[in-house]
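Colleague: Sequence:
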Amino acid sequence: MSVAVLKPKDNPLDAIYAAARDRLPGTAAVADARSEAFANFARQGLPHRRIEDWKYTDLRAQLGTVAPLAAAPQRAAREAAAAALAVHEVVAGALRLVLVDGAFVPELSDVARLPAGVSMQPLCAALDSDAGTDLLANRSPDPMQALNAALATDGVLVEIAGGTELRQPVHLVHVATRVGTAAYSRSRLVLGNGVRATLVESYVAAAGAANYQTSDMVTIAIGDGAELQHIRLMEEARDAIHIAGAVFTLGAKARLNSFNLTIGGRLSRYQTTVTFAGDGSDVLTNGVTLLGGRRHGDTTLLVDHAVPGCTSRENFRAVLDAQGHAVFQGRIVVRPKAQKTDGKMMTRGLLLSDEAEIDNKPELEIFADDVSCGHGATAGALDESLLFYLRARGLPEADAQALLIEAFVGEAIETIADDDLREVVVAAAKRWLKERG
616 MSVAVLKPKD NPLDAIYAAA RDRLPGTAAV ADARSEAFAN FARQGLPHRR
666 IEDWKYTDLR AQLGTVAPLA AAPQRAAREA AAAALAVHEV VAGALRLVLV
716 DGAFVPELSD VARLPAGVSM QPLCAALDSD AGTDLLANRS PDPMQALNAA
766 LATDGVLVEI AGGTELRQPV HLVHVATRVG TAAYSRSRLV LGNGVRATLV
816 ESYVAAAGAA NYQTSDMVTI AIGDGAELQH IRLMEEARDA IHIAGAVFTL
866 GAKARLNSFN LTIGGRLSRY QTTVTFAGDG SDVLTNGVTL LGGRRHGDTT
916 LLVDHAVPGC TSRENFRAVL DAQGHAVFQG RIVVRPKAQK TDGKMMTRGL
966 LLSDEAEIDN KPELEIFADD VSCGHGATAG ALDESLLFYL RARGLPEADA
1016 QALLIEAFVG EAIETIADDD LREVVVAAAK RWLKERG
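Quick note: the sequence shown uses my numbering, first residue 616, plus one each step.
To be clear, the hints were calculated from the coordinates, so they are not data collected in a lab. Treat the hints with care, since some could be wrong.
[Stated by the list, open to error] Below 25 Å or equal to it, Euclidean Cα-Cα: the simulated SDA-like pairs (lysine to any residue) are:
| id | residue 1 | residue 2 |
| --- | --- | --- |
| 1 | LYS1049 | LEU700 |
| 2 | LYS1049 | ALA701 |
| 3 | LYS868 | GLY924 |
| 4 | LYS868 | LYS952 |
| 5 | LYS952 | LEU917 |
| 6 | LYS952 | LYS1049 |
| 7 | LYS955 | GLY908 |
| 8 | LYS976 | ASN930 |
All chains should be modelled from the sequences, with the hints used to inform the complete structure.
Modeller: In structure tokens:
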């Protein structure tokens, strides 16, 4: 088999990186780390279908024009972002931290409201410290994560001291105001031992934002006995490109309840890695993808059971209309020491048109013998007998379909523990059902 290699001189991002290099924050050591990350990316180039992890999302074919780095947000961009936040102010009482075109904007954020036990600083400031290189550390071979490390301009670093019970959610909002440019952001959340907290991430577009690209990475460390509820809402502009990743690490007896909703963007990929680093921890990961038009959404998940006695549950639903295309790649790895592992993964797809497509690839890699693991995948159309039943009782066809779709995705949404956040997700799903865009 011959494999085409994109040489650095052929890489269209070379010019982008060269133009951006002088304005990227960080010490000389950070600049070296960026160059190393970019060289890692350049060796591989944009991922394509001959790379197994990107088999169903060929960026080389689908990304099209590579956008230049977005300028730092000036007054007009900040005003546009403020207007967008007024429309998308959906998490009542949350401690809001706002990134506009990839840059942290203090005046739109609730820095002054952060309670005792919670500290925050922008990534760009931290990159100017001795610890800066650690913030760009990238152990993944994935080329897009390497590209993010090379070009990340800003983000937030949030640390919650051990024993803190944070009642207000931390809401990290990414607002795009640009046309034809790209933003690269990177954030970190550290929960000390015994912390209970909620993190909401959302991605929205200001009026006029179009044809932009988002690259975002977040790393989250959950201490011993800590609990995190994590909600993620991706509602980018319809023609946006969205490539994001999350890396979760759990200590002993920790809990993670994570939910991801994908609605927007022309092309999106959310790549998550969950690693159990301490015994007796639980993870519940759920997601719903709702796509119409010719949109493409990729959910890629790795759950790494490296220690004994941990439980993981993954439940993903996708609803595809028109020529929508959803991808789910999920892998559970159980390492030799991870005895008493309990892992289950399930993905279901609902196809509303003959041209819609879903690719499901759940996998198990088990190297321990005393485990309980399984996975499953299904895809199908709406149940015609149920549609007939509902229409026979006077419901119009569109309302009958909406009712069945809501029931289909409802099982995943119901896992959101917080009533208010669950209603936020339900409202977003209903908006999609109304527009089916």
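Colleague: Against the 25 Å threshold, does the CA-CA distance of LYS955 and GLY908 hold or violate the hint?
Modeller: violated (44 Å)
Colleague: Measure nothing beyond the straight line between the CA atoms of LYS868 and GLY924; if it is 25 Å or shorter, mark the hint as holding.
Modeller: holds (10 Å)
Colleague: Take a quick look at whether LYS1049 and ALA701 sit within 25 Å of each other, Cα to Cα.
Modeller: Within the cut-off at roughly 22 Å; holds.
Colleague: LYS1049 and LEU700 were given as a pair; does the straight-line alpha-carbon distance stay at or below 25 Å?
Modeller: holds (22 Å)
Colleague: Would the hint linking LYS976 and ASN930 be met if the CA-CA limit is 25 Å?
Modeller: holds (13 Å)
Colleague: Quick one, are LYS952 and LYS1049 close enough, alpha carbons at most 25 Å?
Modeller: violated (49 Å)
Colleague: Check the hint pairing LYS952 with LEU917 against an upper bound of 25 Å on the C-alpha distance.
Modeller: Answer holds: LYS952 to LEU917 is near 18 Å, not above 25 Å.
Colleague: Need the status of pair LYS868, LYS952: alpha-carbon distance at most 25 Å?
Modeller: holds (17 Å)
Of the numbered hints given earlier, the model fails hints 6, 7; all others are met.
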